Amino acid sequence: MNELTYTHNATEANNLAILGTAKANKTNRRKIIVSSIEHLSVIFAAEELQRHGYKVVKVPVDKEGFVNKDFLRKEVDNETFLVSIAPINHEIGVIQDIEEINDLIKDKSSEILFHIDASDTFGRIKLNLNKVDLASFSSHKIYGPKGAGALYIKEGVKIEPIIYGQLTAQKLWPSLENIPAIAGFAKAAELITSIDMNKISYLRDKLIEGVLSEVEQALLNGPRGFKRAPDNVNISFLHVEGEAVTVELSMKGVYVSSGSACTSRILQPSHVLLAIGRKYEEAHGSILMKVTPFHSEDDIEYAVNQISEGVKRLRLISPVKGG
Amino acid sequence: MSNRIPLPYSPKVLEFFKNPKNLGKINDANAQATAGSLACGDMISIYLKIIDEKIVKASFESYGCAANIAAASIMTEMVKGKNLKEAWEISWKQISDALGGLPAVKYHCGVLAVGALRRAIRSYFKDKIKPSWLPEELTLDEKHALEEEKLIEVLSKKVEKLQ
Chain U
1070 MNELTYTHNA TEANNLAILG TAKANKTNRR KIIVSSIEHL SVIFAAEELQ RHGYKVVKVP
1130 VDKEGFVNKD FLRKEVDNET FLVSIAPINH EIGVIQDIEE INDLIKDKSS EILFHIDASD
1190 TFGRIKLNLN KVDLASFSSH KIYGPKGAGA LYIKEGVKIE PIIYGQLTAQ KLWPSLENIP
1250 AIAGFAKAAE LITSIDMNKI SYLRDKLIEG VLSEVEQALL NGPRGFKRAP DNVNISFLHV
1310 EGEAVTVELS MKGVYVSSGS ACTSRILQPS HVLLAIGRKY EEAHGSILMK VTPFHSEDDI
1370 EYAVNQISEG VKRLRLISPV KGG
Chain L
691 MSNRIPLPYS PKVLEFFKNP KNLGKINDAN AQATAGSLAC GDMISIYLKI IDEKIVKASF
751 ESYGCAANIA AASIMTEMVK GKNLKEAWEI SWKQISDALG GLPAVKYHCG VLAVGALRRA
811 IRSYFKDKIK PSWLPEELTL DEKHALEEEK LIEVLSKKVE KLQ
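So the protein lines, in turn, are chains U and L. Take the first sequence: its letters are residues 1070 to 1392, numbered as in my numbering. Take the second sequence: its letters are residues 691 to 853, numbered as in my numbering.
If you are wondering where the hints come from, they were derived from the structure by calculation, not from laboratory data. From a predicted model like this one, the values you see are computed outputs, not experimental measurements. We put the CB at the ideal spot given by N, CA and C, even for glycine. Careful, some of the hints might be misleading.
Claimed, not checked - Using 30 Å as the maximum straight-line C-alpha spacing, the simulated BS3-like pairs for lysine-lysine come out as follows: (1) U:Lys-1381 <-> L:Lys-711; (2) U:Lys-1359 <-> L:Lys-708; (3) L:Lys-702 <-> U:Lys-1390; (4) U:Lys-1348 <-> L:Lys-840; (5) U:Lys-1390 <-> L:Lys-833; (6) U:Lys-1348 <-> L:Lys-715.
What the hints assert, rightly or not - Computed list of chain L residues with no C-beta within reach of chain U, every gap over 12 Å: (7) Val-746; (8) Lys-770; (9) Trp-778; (10) Glu-779; (11) Gln-784; (12) Gly-790; (13) Gly-791; (14) Phe-815; (15) Lys-816; (16) Lys-818; (17) Leu-824; (18) Pro-825; (19) Lys-833.
Unchecked claim - Listed next, the stretches of chain U that the computed footprint assigns to chain L, with coverage defined by at least 3 CB atoms under 8 Å from CB atoms of chain L: (20) 1342-1355; (21) 1382-1389.
Please put together the full structure from these sequences, using the hints given.
Structure below.
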């Protein structure tokens, strides 16, 4: 069997990984373990299985986002069917020790499946697919076009399709493949290996240090240094609301996103930020930024200045002035 | 964060967000109120200077999204020069219309602005004889502000317990 199935995005790949393996599950194992900071397409797919007799356990994380391994060790047992933990978190960039987690799982039983959502990992850090059973990927996260994703399935893993239609080239995802996007995805996968991640992490630290020194009452979300994704910056600004910051910055040509409730269609702040212990108001004031190979030191300097000015202006509007 | 998208704001919302009118406290305000809370990510303070039951000055402060800031600002423009009964009758829909339409997910910003304004008007009559047009019972917009504040209190406590 071909080990790579193309989907249209990582959400589809995550759903196929979790729902598809559960469908093929002939064992009595009915426990799914995910970290509390997984992408919602992992959490919601796992929770969907609760309607079919599965139990979902969420592993807590510490203040920087590292999963609690003692908790995980206790929960992985002979009921456990699948564990899903992303090597790099999509919001706060925390890097988990995937090889150690894999050993911890497989020491208990080789029957337990280990899935990783590797969308934010590919190209950022070394990834050893021998150490996982299933891995999801996304084209646009490696600067490829939107509309292509993939699920790596190790040979021998039992999985069934979760959507049905005319049989096309792919048995597990029987819909028309988005060939132009997949071609772009393949090219991006080739190009990302030549990107100098040291330069990107240098710019990341410049952005973090710049913002934290220019803006008062700002909190870095996630860890510092080599345990943080080289391209991820996530900062909470107290007394301002993140959506307003994104709109303010977009008018200055700086495009960022926020974990604020106001940017979400369900008006709830980011579950990742709440899981690391941020208060509601700290999550509302959060901004997520990605440093890319297309950025220069001048861009970082410009962004730092705009963020500093933007947050200052919004703080003037705010009735909460802080101490 | 693929579920987090920039909203399609009207040019009027962006204009009031960029250059908000009537920003900041009024030193000689004789009515003021706040609605919403930090935890909601949604908070509006309204300041009014009232002479002979007529609003001569109105201003605001806002902690919230772009729509929240724009709604509070345009509302202070709308109430200036109005008597209190006229100001009381301003609806969130009128605020949304004045802004060229708010996205559906942002209607509550207009409602919160009205909630804050009505609280401010009530505060003005706190030690005075209440006029017949001022309802004893809280209106829907005021209840909404109250509900939002209570709901977030419950949610925050739940999260605290989990940690």
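Each hint tested on the structure:
With a C-alpha separation of about 17 Å, the suggested pairing of Lys-1381 of chain U with Lys-711 of chain L holds against the 30 Å cut-off. For the given pair, Lys-1359 of chain U sits about 25 Å from Lys-708 of chain L by alpha-carbon distance, which is consistent with the 30 Å threshold. The straight-line distance between the Cα atoms of Lys-702 of chain L and Lys-1390 of chain U is roughly 27 Å, inside the 30 Å bound, and the hint therefore holds. For the proposed pair Lys-1348 of chain U and Lys-840 of chain L, the alpha carbon gap of about 16 Å is at most 30 Å, so the pair holds.
Taking the CA atoms of Lys-1390 of chain U and Lys-833 of chain L, the gap is near 27 Å; set against the 30 Å cutoff, the hint holds. The suggested pairing of Lys-1348 of chain U with Lys-715 of chain L holds, with an alpha-carbon distance near 27 Å, which does not exceed 30 Å. Under the 12 Å C-beta cut-off, the non-interface status given to Val-746 of chain L relative to chain U holds; the minimum distance is some 22 Å. Listed as a non-interface residue, Lys-770 of chain L keeps its Cβ farther than 12 Å from every Cβ of chain U; the least gap is roughly 19 Å.
Listed as outside the interface, Trp-778 of chain L is consistent with that label: its C-beta sits roughly 22 Å from the nearest C-beta of chain U, beyond the 12 Å cut-off. With a cut of 12 Å on Cβ distances, Glu-779 of chain L stays outside the contact zone with chain U, its closest approach being about 25 Å. Under the 12 Å C-beta cut-off, the non-interface status given to Gln-784 of chain L relative to chain U holds; the minimum distance is some 22 Å. With a least beta-carbon separation of about 15 Å from chain U, Gly-790 of chain L lies farther than 12 Å from that chain, consistent with its non-interface assignment.
With a cut of 12 Å on Cβ distances, Gly-791 of chain L stays outside the contact zone with chain U, its closest approach being about 16 Å. The Cβ of Phe-815 of chain L sits about 23 Å from the closest Cβ of chain U, beyond the 12 Å cut-off, so the non-interface label holds. The non-interface label for Lys-816 of chain L is consistent with chain U: the shortest C-beta to C-beta separation is roughly 20 Å, beyond 12 Å. No beta-carbon of chain U is positioned within 12 Å of the beta-carbon of Lys-818 of chain L; the least distance is around 25 Å.
The claim that Leu-824 of chain L is not at the interface with chain U holds, since no C-beta of that chain comes within 12 Å of its own (minimum 25 Å). Once the 12 Å rule is applied to beta carbons, Pro-825 of chain L is consistent with being away from chain U; the minimum gap is 27 Å. With 12 Å as the threshold on Cβ separation, the claim that Lys-833 of chain L sits away from chain U holds: the shortest Cβ distance comes to roughly 18 Å. Here the stretch 1342-1355 of chain U counts 6 residues with a CB under 8 Å from a CB of chain L, which clears the bar of 3, and the coverage holds.
Coverage of a stretch by a chain is defined here by at least three residues with a beta carbon nearer than 8 Å to that chain's beta carbons; for the stretch 1382-1389 of chain U and chain L the count is 5, and the condition holds.
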